[in-house]
Structures are given as C-alpha cells and as structure tokens.
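Residues per chain are reported as follows:
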Amino acid sequence: MERRDFLKISAVSGATAALDACGKPERQLIRFIPETDLIPGIAVWRPSVCTMCPAGCGTTVRVMEGDAEVTRKGQLGLIKMGLAKKIEGNPDHPVNHGKLCPRGQAALQVTYHPDRIRHPLKRSGARGSGKFQEISWEDGIHELVTRLAALSSGQKTAALAIVAKPMRGQRRVLLESLAHALGAPPPVFFQFFEEAVLRQANALSFGRAQLPTLDLAQSNYVLSFGADFLGTWNSPVAQNVGYGEMRQGRPNLRGKLIQVEARMSETGANADQWIPARPGTEGLVAMALARVILTENLRPASAAGGAGELIPGWAEGLKDYAPEKVEQSTGVPAATIAHIARDLAANSPAVVIMGGAPLAQTNGLFNALAVNALNALLGNVEQPGGIYFTPAPPGMAPAQGLPIQPASAYAALTALLGLSTPTTLAPASPPQVLLLDEANPVYALPDPRVKDAIEKIPFVVSFGGFLDETSIFADLILPDHSPLESWIDDVPESGVTQAVVSLAPPTMKPLHHTRATPDVLLEVAHQLGGRVSKALPWKNYEEMLQAAWGPLQKEKGSVQASSADEFWSKIRKQGGWWSSEVAPAAQGRPASAGGPPVSYKEAQFSGNAKDFPFLFMPYESQQFLDGSLAHLPWLQEMPEVLSSVMWGSWVEINPQTADRLGIQQGDLIEVSSTRGTLKASALVFPGIAPDVIGMPAGQGHQQFTRYATGRGANPFKILDPVFEPATGSLGWAATRVKISRVGKGKLALFGGSLRESPREFGKR
Amino acid sequence: MAAHSPEQLNQDVLRPLVRTSWRFYLTGGILGSIVLAALAAFIYQVYAGIGVSGLDRPVFWGFYITNFVFWIGISHAGTLISAILRLTDARWRRPVTRCAEAITVFALVIGGMFPIIHLGRPYLFFWLFPYPSERGIWPNFHSPLLWDAFAISTYLTGSSIFLYLPTIPDFALVRDKAKGWRRKFYGFLSLGWTGTPRQWHRLEMAMRIMAVVILPVAVSVHTIVSWDFAMAPVPMWHSTVFGPYFVAGAIFSGIAALIIAMAILRKAFHLEEYLTPFHFDKLGKLLLLMSLVWGYFIVAERLTVWYGNESPEMAVYWSTQQGRFTHLFWFMVFCNLVIPFIILSIKQFRNSITGPVIASTTVVIGMWIERFLIIVPPLERKYLPYSWGTYRPTWVEITITAGTFAAMALLYMIFSKLVPMISVWEMKLGWRQEAESPQLVTSEARLTGAVPSADLPAPEN
Amino acid sequence: MARQWGMVIDLDRCTGCEACVVACHAENNIATVGEDQAARGRAMHWIRVERYWEGNFPNARVIYRPVLCQQCGDAPCEAVCPTYASYHNPEGLNAQIYNRCIGTRYCGNACPYNVRFFNFYNPVWDKPLNLQLNPDVSVRSVGIMEKCTFCIQRIKVAEFRAQAEKRPLKDEEFNPACVQSCPPKAMVFGDLDDPASEVSRLAQSNRATRLLEEVGTLPNVIYLRSVS
Amino acid sequence: MKATYGLYPNPDSAERAMNRLRSRRSALGFEVRDICLAASEPLDEYDLGWREQKTPMPWLAALGGLIGGTSGYLLVSLTQRAYPLPTGNMPIVALWPTGVIVYELTMLGAILTTFISLLISARLPRWRKTVYDPAVSEGKILIGVVNPEEATHADLVKTLLEAGAEQVKEYVSS
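Chains as they are written, first to last, in my numbering: chain S, 528 to 1291; chain H, 890 to 1350; chain A, 9 to 236; chain X, 141 to 314.
Isolated chain S, as found in the complex (with noise of 0.2 Å):
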C-alpha cells in the first residue's frame, strides 16, 4: 500500500484505527513450535550466493532469532525461527573479497517480499487475468507429472520447452539433464542484456567462449569502450575492487581510465577521459589505435596472433584505419587517438574491454574482434594487469562448469517457441509444454509473437517466486524458496582467475509454503520413472549438489578434507570452493579457434535519419539490472547515481537539445520508433550525445508485484528488430526514435542542483 494511501484511510478511519489496537491480530495468533536454536539477540553469519546477476558473487547472511507471522498448515500463527537481516559480501570468496553491490544486499527483500508467491497455484480464471486458486504440493506435482508423462508416452516431448534465467551449475545440469532425458530440445537461458557476440568473439580470437576477467588491479592503462564494468557489466563488484586498487592501491602509481561511449555511463563518470565516439563505430576507434601502434612499430603485428588474423588487413598494418581517415566516421580526433595509442603501448600493462552498447550493434561482432586484436597486440591476454579466462573447475566438462552458448538466447527462444528466427536456426516445432524458470521474456522482449507463442502453449509451469509479465500466463505455479532459503551453487564465468565453486546451503528455514525447484523437479523426475529417474537419480538437491562437487575433496583448494563428510561440512561453513592455482599465464601468442576473418562493415540502424533523428541508446539499469529486479523497494527507493531519479523511468536528454526543443527538465516526452512509441520524463543530461537519447531499463512492468507494477516505462518495447547477423542477437542500441515533448511528467529527484559551481548559482 503506498504511503498516500494508508494515510487516506488512517485520516477517514480515526477512531477504528484506535479500536483495532485493542484486538491487534497478534493477540490473537497461535504461536508455533520454534524453529531455530539460535540465542535470542545473538547474531550468526552464514555463507550464501547472490543470484541477483550472473557474476556469482559469495555471500554471508547475519541470521537472527526473530517472531516470524506464517502459515503453517493453513494456520495463521507466530513462529520462532531464524531470520536473514543482512547480506555482506563474503570475505574469504575470491570474485569479491568480502565486498557487495546494491542489488545484492537488496537481496535480502526477495525473502520477505509481501507479493511473494506464498504456495502453489492453480490458474482459477483466464489465461493472464492472475485469477489462481491454492493447490496442494501433492496435486500440483502430480499435474505436471501427468503432463509430462503424456508427453513422453505421446512421443512429442520436443514439444516441452525449458525457459530459465541465466544460470550455471547443477541447477544448470538438472535443467538440461531432465531436457534431455525427456528427448526435449536443450533449455535456454534467457536475459535481454546477453554476451552472444562478447563469447562469440572471445572463442574466434582467444578459443574460449565465454566473458573476460579483467586484472584492473595490476593494470596501469584501461580503455573502456562502452563496458560498464563498475555498474552492472560482467562481474562488478570483482571490477569494482581492482579498480579501487588500480587508482589508488599501488604507491605512487596511479592507473588512468578512458572511457568511450555516446552515452556517459557511471563507469564513464569515473573515467580521466571521456570519449564520445559515434555509436557502431567502436571497431574503428580501435582499429585506429592498433593502426597507430603499429605504424609506429610500438608493438609487432604478429603480436596479436591470431586475434588478429581475424581482422582483414591486419597483416598490412590496417592501412584503411589510419586515424585521420575514420575521424570523419567515429568523431574523435585523429590527434587523440594517436595520443591515446602512444599511451596504451607506453603504459604496459595496459587493457582494452568492450561491452554493452558497441557489441548492440549490426556490426557488433567486428568491434569486439577489433578489441580483441588490440587487446593481444598489447600483449594482455593472460597477462598480468590484462584479461584472463575463468578457468573451469577440475575434473568438470566445459558444459557442466561454464556455459557455451555462442547462438543468442534471443534466437535459441523464438526458435524454440516455434517462431522464425534471425538466424539460420530453424524454429523447433510449437511446444505443448513450457516450464519457466524465472525467465521474463514477454516483458524482455519488443517482439510481441513471444507473447503470443507463450500464450497459445496449452500447458505453462512457472517456478518463479513472483508473478510477472511471462509467469502471469501460467497454468500451474510451483513458487521457488527465495534463494536464501535454498541450496544455491554456482560457478563463476569470470571475475576470478581461479577455478571457482560457490555453494551454500540454506541460511534460514523457508518462510512460506514453497518448495526449492531442484528438490520439485528431481520428485518429478522420480515419478516419471524410467529414463529421467536414470538420469536424475537423487532424493534432493544436496544429494545431487554432493555427488557433483564431492570429487573436488581431491583437488588441491581452499578446503583440505581428510574425509568426504568433513570436506561438505567445511564447504558449507565456507560457502564454497576455490582452486588454489591462478590461471596459467599464455605463452607467447594466445590461441585461437580460427575461422574466417570478419570485416567491418558500417553499423545499421532502423529508421530513416531524417524522420527519427536520434539514436536510441537503452542501458541496463543501476538499479533493476534489466527489470528483474524492479519490485525491490530499496532498490527502486536508491538514487540512480547519476540521475538521482528515484521510484521511476526517464529518458536522458542532451542540454542543447532541450533548449533547442524547448524540453524543460521533467517535461513529459514522447519517444517513438517505426515500432512504437513510450512516454517518460525528459532528464538534462549533459553527458549524452546531442544526437543520443538515452534511457534506462527496468521500468515499466505491467505487472510484477505492488512496487514495480504500471511505473514507468520498458524501452525494450520500441526497440526495432535488428539482429548482429552471426549470433542472431538483438542490436538494442540500433534503434532511432524521434522525440516530442507532450505535457508535464514527475521526477522524483533526490539531488538538487546538477552543479557545484557558483558560476551556475544566477541561473533559475
């Protein structure tokens, strides 16, 4: 209920308020057999994961005894039991040294979130009108069990669909074993802000399919180009802390960062240089770079190896790239690229990353290559202070550990909806069956046949705790534990350079009627016998965990063990394990998959120039990541750092451009693409391009829980349909829009004035 509206009803309701004092329902509940032995006001610290983005990051939760109001068997009534009341970062685990993000400790609100779906559903009404009425757990298994069992016996399980959040592991494994054992296509994992075309162009030039862990923290020179990597890119609070050490952490030596991007972001904000190159013309900046080190003969152009086989004319010294001739193009000086080229090569060790925007591009897939090149020119690769790759833990195939999935989720999804795809991939048959597992697509993605696809599915399993956009559609709802009520393991992709296992066991017992997904489909899998017991023959997800990670006992780690017991025991207690050798430094040239060179070609965006006249550049939120984190009041209540924006959307505007489209700052602005059209609050932004419009995501659920439903607005709506061709992901930063101010929006601005300097004081 908002403030306003308690207070409305507090105002008319006087005298009842003070009556119901009297008869407050406490008085009135049963009280429970406790479930905790904790000391009262003794705080303990037990180890988790955050699973509120994919960087995996180990986690501790300070549990207190506390009076919890539950259900209990229908029964309303006090309990006992031990409370999570605050999340830190876990110490001991080596992607973030004890450190955590916003989103993470806003963790702790996904627990005792008052929309949580409390015990599993049945849907009661139509499809989407969120009608459900409460089953029991037996009747809810049984119906999926059925279900699926009338799959296999009609041999049309292609027809089941596994769509899931972004996720590594054994819950990663039990996905895909329980596909496969089902004869179903593989699951995909779905999130709208994918690396397709960074792993894609990772395994071309490095053979390794997957995100780069930057050394920032050796690293004197950092080259940026549009990778947010100290808000929300790759694994930031690992980033976060190198980057403290690389300003500040060596005497006397002072790393530097030059950050280039149309749209300033909060890393960005950081940056010693700030450098507004033209959107989809990134490669070319650093083609330039390369073009001037080599010319220049400050580094050999066998260097790069076979990174650099990849780009057309390498071998020549990139004779099309002299700075002087992409000036035009990109928009930076020739003179500054020179200068910032000299720099690179001087201040070794020096790294190139890439990420967001640029690899959102038609020809994004040139532009990480390009940076991949001169990363290995520069000699970084698996070198101190450059990019390492995470390795996989022992004894583990790749697939198990780390995910390969250069396809786009994006493509792998409207493929498996039966739908036509941006890529060569043929769209599977329509399936009889979805089963989702936090995964929002319908709010993701502009394309509306998703929405459709998913509603004509005849039957839909969610697993998720909340109802959104997508799980609003489902026939059958079997709510999740909150991750801090479950078994969580994960694997890092990157942010470490060591072989990494976080596992945790549940820090408190669960809240309400849930029950953890693995231990459901692992029940499920036993009840459909035959094949998928075999495949999935555990009794619960410890069991599955246990026999997974068990086998590291051997491995030279973090954990000595004389036995098995002993060695889960002290993996609990630790939150996980972590190999005790670094990744091998490369020697000489880094390796490569090969394959045939990709040349650049110019950027397309959608829209003609002249009726939309700007670039439409979404980014992914500080606060809500990319929406799935928009129904956390401390979240949505947080400043957005630049903005200061709090509880809603707006769209960034150049200072100029206002002025010369009359826009005040909170106008109300129309936002249109061929697509479609938005309306949101116009922010004087003078970190934008004029020709930019920048807008965050996250915003704009149409329904997913009290505090993000109906608020703002999604920009993923009116983004055109343009694909970078090899992965078939989606170019999100390709879109034009034009803009026109409509009427008065609101803010909700936490800051005041945008600047310190008196000189602004006279301005109104």
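Fair warning: there could be bad hints in the mix.
Stated by the list, open to error - Stretch by stretch, here's where chain H covers chain X in the computed footprint (C-beta under 8 Å, at least three residues):
hint	segment
1	172 to 178
2	216 to 229
3	250 to 259
4	269 to 277
5	283 to 296
It should be emphasised that the hints constitute simulated quantities derived from the structure, not laboratory data. Where a beta carbon is used, it is the ideal one built from N, C-alpha and C, also for glycine.
Got chain S sorted already, so can you dock chains H, A and X onto it with the hints?
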C-alpha cells in the same frame, strides 16, 4: 457632534460594553468558524503527522515559523510603543495606549503557539520547560529555542500586567456604572479599587517602573527571535544585523497593526471624538520613520552579502534576486517601502485616516512576506547544491495561518466588549490639566478633545 | 578508552556504485517513503552519493562525493537542540537520542551538510518486510529526526566483545555497514586518535580535505581528493 | 464602622475642605489619619495628601531583578552541571547563552516584584467595605472623616458644607 465632558466620555467608552449589535455576532461567527477550521487542520496534522504540511528536507521550517516571527513582531505594537510614549509623556498617547497594549498580549499568545504547532511531536512541547522530570534531564540552555521560551513568557507576563494596571481604575468606573453580574464581575477585576491617594500614587509609580522595564524586554524578545536564525550557520541567517533588523521590523509591523486596529475601533465604536486624524497623523509619521529604517536594514544586509560574494550566500541571494523568489521580494519592497513612503510622506494622505490605514495594510502584508523570505530561501539553498530543495505550503498550513489572523481579530473583539478601549481616567486627567493650565492647550490638546468642541477646527475628513 | 571515531573517503576510489546507500538502509532500518513522498524531498538516505556535473558535451565530467553525517567535532546541530536529543557522546559521535526528540527540526536547519532526516510520517513496512528489520537498531516514529550514527550498534557490540575478552579493540575488527560493503574500498573507518590506525594514517595524506571546512564544524570525515 | 463625607465637584473645593478638616481636627476631635479621600483620577498638583507619599517600590523592583537574575544563573548552572551533556563543543556552562537566560529572568523578577509590591502597598485587592461613593466615578471627589465624634457631628457636617460640598452623606457599613 457630541460635547466633551467626562460624562460624555463615560457614555461613549462604556457603550460598547453594554450594547452589542448583530454585526458583532455575525463577524464573530465568521471569524470563529475560521478559527475552528484552523483547529481542525491542526488536529488532523497531529493525527496524521507533520507530513501533511509542505515541509521537507532541507526546508524544515516554513509557514509556521513565519507566523511565529510575524506575530511576535506584531506584539511590539503595544507595549513598546505605549511605553515609549509614556516615558516621553506624549499627551496624545492617552486614547491610544490601551488599544496598543491589548494587541501585544493577544499577538504574543498567538505567536507563542506556533513553536508548538510546528513540532513533530507537539504533545511533548512541555519538554522545553525546565522542571525536574522523570527523564532525569533538563532542557539545553544553549539552545536559542529555550531563550525564546524564557523571553516570550517574560514578555507575556510583563505586557499583561502592563495592560492590566492602568485598567484597574476603569474597571472601578464600570463597576460603579454597572448593575447585576457586571457589577460583581468588574468589582472583582477592579480589586476593590476606591481611588485613595495611596492607591493612585502606587499605581502611577508601578506604571513608571513597568514602562522602564518592559522596553528592554521588548527589544530582547525580538532580538532573541532573530537569534533563532542567526545562531545557525545557514547562509544569510548567520548575520549580526539580524537583532536590530528584526526589532525594527517588529516595531514597524506593530505600528501598522495598531493603526489598523484603531481605525476599526473608531468606526465600530464611534470613537471619532477621541481617535482623531491627529493620532493617525502622529502614528503615520512613526510608521514612515520605521519604514525608512527597515529599508536601511534591507540595504545593509543585501549590500554586504553581495560584496562579500561568498558562494553559499550568493546562492541564497540570487534565489531572491534572479530566482523563484524575485517577484515576491520586489512585491515586499513595494509593500514596505514604496507604498508607505508615497502615502505617508504626503501630508494630505497622512492626515486622512484612510491613507495611513492603506499603508499599514500593505506593511502588514509586506512584513509577513519579509519573514517568509528570511526563513525559506536560505533553507532551500543551503550549502551543498546537491541537497538543495524547494518548499510549497499545503492547505493545512494555509488554513492554520488564516486561522491565526481570525483568532487575533476575534480575541480583540471580545476584549473590546469587556474592557474600556480608552483609558478613561487618563483622558480625564489630561483634560483637567489642560483646562487648568491654558499654556498646555496646544493644537494637540485641542485635537485630543480637551476643549469644548465649539473651538474645534473642522475635521479633515 | 576515549576514542575519536572517524572516516576517510577516497574520492579517487569511489565509483558511485551506491552499495553504501542500500547497505545503510538495510543495517539501520531506514524506511522507504514511496514515490510521492520521495518527490516531495522526504526520502531518507543517511548516506548519499552526490553527483556534480562539470563542463558541457563533449567535455562533460562528473564528480562523485559520498556524503554522510560528518560527525563534526564542533557540531551546529547539537547546541541548538533544546532537549539534548542531539548531543556529543564520549567517543566523539554526534549521537541522536530519538526518545528525547520532540521534532523542532532546528538541528536539520543548522546542519550545513543536510544529512539529518525527519520522519514526516510513521514508517510503514508491508508485511512481511518488517522481518528484515535489524533488532539492534530502534525504529523511529513520526516527528523524529534521524541521522547516520557511524553504525553505533556495531561499535558497541565490538567494544563489549573486546571488554569480555579483556583485550583492546582492534582497528579492523568491525566497520559501519557502508564501509564494509564499499566494493572499491573507498571508505576507511577507525579511531583518529590512534596514530597506528589506517584511518589516521590516511588522514595525513596530502590529498586530505574536509567538507565545508570554512563553516568551522571540524568534521571527522576526511575526503581524499582525486588527483587527475 | 461609619463615616461622614462630602462630595466635592472640583479639586479646589476638595483642597479647601481638606485644609479646614486638617486645621479643625482637634476641635472636631479626630486625627489626620481618620480623614478619608477618594477620587477618580490622580490629583498630584493639589495638597490632598499625595505630595508627602514615599515608597521603596523602585528599590524593591531592583532587588527583585537581582533575585530573578541570580535564580536564573543558579537554574542554568546547577542543572547543566547536574547532567553534564557536551554539545557543539561548548563548555557545559557557557557564558553567553547563560547571560541571555539571566537577563530574561532579571526582568521577570523586576516585573513580578513591581506588581506584588503595588498590590501590597496599595492594599489591593481589598474586599472589605470601605468609605466610597459611586458618585466618585462621576468625577466627584469624596472627602470625609471616619468614625466622627457624635458630639461634634453637626459641626463636622457644617465644615464640610462650608468647604463647598455639594452634599454631605453618612456612610455606614454593617
């Protein structure tokens, strides 16, 4: 035109106490309902929380404190003015003093409520007072708010006594004239006054002492009110000019209020014979003087800030010169300086009664705005620009503000129904002295109605 | 055991990630006020990351500055409080005694840093969000001023533990929530009177400045300028 | 008690009556203090017994101020020392803030003592019936003698009338 005899005076002054017209009840009803509305608004605020006001961070003080300063300022009408006039033995003061002293007491009562109204937890206001409490702690005497508590209570006590003493003989008069319950009532108020030499002597002595004591108190009160602001390191609050600046403003608005009150009494109770254009002329001159003094302070304050050119202060300065308060600022100058100067510096306007009344009205409005502009803009632009904010009042604050004006009028009305609004014995004394010693019969004396109306010059209006 | 708790914030390390903001909310039971109240300037963030723009496109730059209560040695907020709700505790903290506060909001005006926050309404936690509340920190009701305490509850716990174990309190053994969470380690907390502590070592840096020093509040939060 | 008094239209006749009563008191057999007087306004300029008045009120006021101020200082210093709470790096008992309180309480002391000393020395409030006539409010001045000798009563009345009394009345209080 009625002749000027003590009997006539007795009648004229006592008439309002016994006869009450329907207009009185009508006005009283209207004012009363406004006051009730304000009361309801306050109760709502206490119930729902101070959040129903427009206050926010960083503007923690708004309309309420503005009203506080404004009314305390108005309270300087009476005691200060009448004390000055008594000490200087200005004869023309006689018909004026009581109206003035009455304003003081009620303005103080109303102003004094605001520090409580604006509290986040008003039901705990008594924690401000020093008394041995179970909380094992005494109030913090370093806090200007506590100085306020002491200053205002002292001033209230003093001015109530100052109002009461010269009224005792008049109560006796009413007692002798009245019958029934009034006789008892006024008999009680007059403390059994008979008018023996000893009583008269002591009374006059007491009045002389009070006049001497009350002056410095009045000055200190508004100085301390100004220190509520000056003691905080807020740009354009933290200034030494505030003490005298506030006192001057207080006297300024006080005189204005007095002129308005007198004009109303004059019309309502037909006291044209006693409150003559001459008094308005005198007070008008005083008002003009204070207006100029006030202008001088504004200049002194602004100019030093502007020359000092320190960025925090300039931020505030600009918000009133080129910011959202510009219009309000110049309107205030117009009300407090331009209008009074034009009207009061021209004799014809000043001598008419309407002239001074118009000027006084604008001054009262202008001074309220001045208090607002002293309080709000600095808070909106306090140091770190990131934490700047804006303030917009809500209906709750506006209602309560309106309520206080209504309350003031209502209290004054009721008072004028219970107490002779002109000090009868002082008038008579004055007449006699002038009658006996003709050298005293100045134009002034004539205007104060000391000689038969035949000799009176034709009234201006 | 006279101590002077202080903090050093390295502006060159701070990346504006706002981990401190949420950490503070979680640790100190700070209520979220909702959109309408937030729009009216009543959001409560005991620590905030101030953002200032400099220059214009294409040379726009940004400065981040985390601002929390500066725990002034010479605090304007203390002297003006008529009820001693805001006073100076023996360890040099500007303590706010909620029970004594009657809500004059004078301290809020007197504070040059605008780091005092007022409860304009009673805080609301939609059940079961109330279960997230930290039992070590009292929940503030309507009409009360609240502010950063340097996580005094953590200080006390650490001191009791040290006393129980009959040993001196170690500098690194605890931190306020903001410091503990800060990913780039931009914040350092400790005893400024202890010359051995890291905080007093950093306070000696030639990059050290204090916020609004000219107001004469003697802040105990030291900022290290980012030199670039 | 009873009294005989005359009502005089103006101060001059009142003064005359006063002088005659004074000079003939032994013959009529009463003391000066038996002479009673009531007027509706102060008559300082006339010899009616105002002139020789003396009162320590100003000194009492000063003393009251002194007491007020001292008690103010004691209140501040004692309470602050009883609960020493440091604020704003000020001394526990700070000179200037204390000065403000002391100043206000000094004034309050003076005001209250003035009021009280007035009541006491002017014998107010007095509820006992005393020699008075409502005509005083009409501007008449009452001069008379309390408990006059029966023997010389006629003579007294004559004296009062000769002095110019408009009428002579008897006052009897039960």
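Results of checking the hints against the structure:
no.	hint	in the structure
1	172 to 178	holds (count 3)
2	216 to 229	holds (count 8)
3	250 to 259	holds (count 8)
4	269 to 277	holds (count 6)
5	283 to 296	violated (count 0)
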